[in-house]
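S.K.: The primary structure of each chain is shown beneath.
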Amino acid sequence: MNYRSVFDIIGPVMVGPSSSHTAGAAKIGRVARKLLGTVPIKAAVTLYGSFAETYQGHGTDVAIAAGLLDFDERNPNLPDSLSIAEKQGMQITFTADKQTPVDHPNTVRISLTDGSEMMEIVGVSIGGGKIEINEVNGFSVSLSGSNPALLVLHHDRYGAVAEVAGMIATYEMNISYMQVSRKQKGSLALMVIQTDEEIGDDLVTGVSHLPNILNVAVLT
Amino acid sequence: MFQTVEELVKEANSQNLPLSEVMIQTEIETTGKNRAEIIEKMSSQLTVMEKAVQRGLHEEIKSRSGLSGGDARLLKHYIEHNESLSGSVVLDAVSKAMATNEVNAAMGTICATPTAGSAGVVPGVLFGLQPKLNPTRDQMIAFLFTAGAFGFVVANNASISGAAGGCQAEVGSATGMAAAAAVEMAGGTAEQSAHAMAIALGNLLGLICDPVAGLVEAPCVKRNAIGASSALVAADLALAGIKSVIPCDEVIDAMYRVGRMMPTALRETALGGLADTKTGRALKERIFGINAKRSVPKE
Chain A
1 MNYRSVFDII GPVMVGPSSS HTAGAAKIGR VARKLLGTVP IKAAVTLYGS
51 FAETYQGHGT DVAIAAGLLD FDERNPNLPD SLSIAEKQGM QITFTADKQT
101 PVDHPNTVRI SLTDGSEMME IVGVSIGGGK IEINEVNGFS VSLSGSNPAL
151 LVLHHDRYGA VAEVAGMIAT YEMNISYMQV SRKQKGSLAL MVIQTDEEIG
201 DDLVTGVSHL PNILNVAVLT
Chain B
1 MFQTVEELVK EANSQNLPLS EVMIQTEIET TGKNRAEIIE KMSSQLTVME
51 KAVQRGLHEE IKSRSGLSGG DARLLKHYIE HNESLSGSVV LDAVSKAMAT
101 NEVNAAMGTI CATPTAGSAG VVPGVLFGLQ PKLNPTRDQM IAFLFTAGAF
151 GFVVANNASI SGAAGGCQAE VGSATGMAAA AAVEMAGGTA EQSAHAMAIA
201 LGNLLGLICD PVAGLVEAPC VKRNAIGASS ALVAADLALA GIKSVIPCDE
251 VIDAMYRVGR MMPTALRETA LGGLADTKTG RALKERIFGI NAKRSVPKE
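Residue numbers (UniProt numbering), protein chains in the order written: chain A, 1 to 220; chain B, 1 to 299.
Just so you know, these hints were derived from the structure itself, not from any lab.
These figures come from a predicted structure and were not determined experimentally.
What you were told as hints is all true, and nothing was included just to trick you.
Far from chain A, some chain B residues (derived; all Cβ distances over 10 Å): (1) 4; (2) 6; (3) 10; (4) 21; (5) 60; (6) 70; (7) 80; (8) 86; (9) 136; (10) 208; (11) 233; (12) 273.
Just a few of them, taken from the derived set where beta-carbon distance is under 8 Å, the chain B residues facing chain A: (13) 41; (14) 45; (15) 48; (16) 64; (17) 65; (18) 105; (19) 111; (20) 145; (21) 148; (22) 155; (23) 160; (24) 216.
Below 30 Å or equal to it, Euclidean Cα-Cα: the simulated DSS-like pairs (lysine-lysine) are: (25) A:34 to B:33; (26) B:243 to B:132; (27) B:41 to A:34; (28) B:278 to A:98; (29) B:132 to B:222; (30) B:41 to B:222; (31) A:87 to B:62.
Ideal placement from N, C-alpha and C gives every residue a C-beta, glycine not left out.
With the sequences and hints as input, model every part of the structure.
M.R.: Shown next as structure tokens:
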């Protein structure tokens with residue numbers, strides 16, 4: 001069962017025109033922003049497949065910029081995101097890569113920096129506003145988009161995973177899938193945690209204040 | 001928890017509940033949220049739909065590409081000043097469906113039902129029936145749960161994505177959902193709702209997704225218009241006691257299999273149908289420039 005809630009069908013509430021090319025794109029942009037954890041000053045967006053062909057007509061560029069501004073897919077300012085980003089001094093470049101083959105037609109790579117930290121993700125908009133994230137800073141992840149998920153960037157230290165899992169348990173939530181990736185022992189690592197229940201703001205704030213945690217993003 | 005329309009109808013009948021109530025109970029079960037929260041959320045979706053309809057009917061709406069906008073108002077004017085052929089309830093629903101999709105195309109806020117491209121049908125039918133049936137707000141919310149219940153079965157057993165199953169999966173599904181919900185609101189039985197869905201979706205089997213220039217505008221806005229009118233006709237047929245020869249779940253399965261047989265060119269790639277006409281290609285060139293290339297996305 002890919003669709004779990006009646007609000008997957010009567011919803012999402014979003015700025016048009018396309019659940020996959022607009023709402024999904026905004027969500028991917030926002031995940032990148034959340035994982036960077038700060039305000040980006042520069043973002044390089046590479047669009048592939050169908051995204052590369054029709055991004056201007058669908059407002060995919062506008063939607064991704066909105067996500068980078070931390071707007072959600074229903075934010076009424078979404079259509080004005082490009083000029084808002086410019087005013088804030090956020091430099092966003094869009095490149096349509098029509099040559100590189102991709103597994104899914106709606107794929108985008110976003111690299112961003114706040115001047116010191118870098119973040120790069122690859123996201124896919126799979127339809128109906130649902131997204132998958134395939135790559136985070138070179139870590140390959142697999143997130144189906146069917147369940148809510150937490151992406152937690154953290155230092156690879158003992159207890160980090162247990163603390164996050166413990167906090168999820170205090171919210172009486174069930175973990176349905178979990179993946180931990182790291183480049184090498186003791187370096188930066190990424191936890192991907194899917195839950196049966198929706199992930200609230202309280203939990204996100206709680207997790208982000210745990211020791212060894214750098215940044216947290218949510219996929220709904 | 002129901003997985004098929006048959007199970008949904010059976011649950012409603014065995015517990016003597018309306019279909020909308022079965023959906024609410026299922027939502028409580030799967031999400032762990034309480035009833036008040038769930039009703040409140042649906043109420044806010046309803047408010048979004050209402051605002052989109054009002055915007056589309058009363059404001060000047062134009063999309064970025066210029067391919068859509070203003071037709072809902074044209075139709076509204078026509079209804080108010082002419083003796084229409086198909087009658088005011090049908091055309092009122094149609095104008096409200098188109099209003100929603102025009103707002104969507106112009107980057108306005110809508111509620112996807114089940115997708116953005118097919119977001120007009122369900123609210124079009126709901127608000128089109130409002131003057132005739134005078135539903136309470138609770139009944140309007142119930143309408144959305146019933147529509148959601150049928151869409152839920154389609155999404156999990158077939159598809160609600162044009163890229164996967166063509167427009168039959170989007171406008172076809174929305175039309176079936178609206179027809180089934182209209183039956184419940186009009187006082188029909190759960191079985192009649194299922195027949196309305198089966199008739200509505202059955203009639204739209206094979207409908208391709210062929211958006212001009214790849215945009216959710218043409219023919220999407222008008223497909224939603226036809227979806228809203230078909231939903232009302234299918235609901236009336238079911239309320240008259242007319243049954244679908246093929247049961248609803250089998251129609252849904254047929255839709256899924258037709259989608260699988262559909263060539264990629266007819267599934268949202270803008271490579272076939274109306275998109276691949278002389279005018280369709282010229283419009284794409286005008287909007288995206290002469291370098292706009294054909295693309296065949298991999299599935």
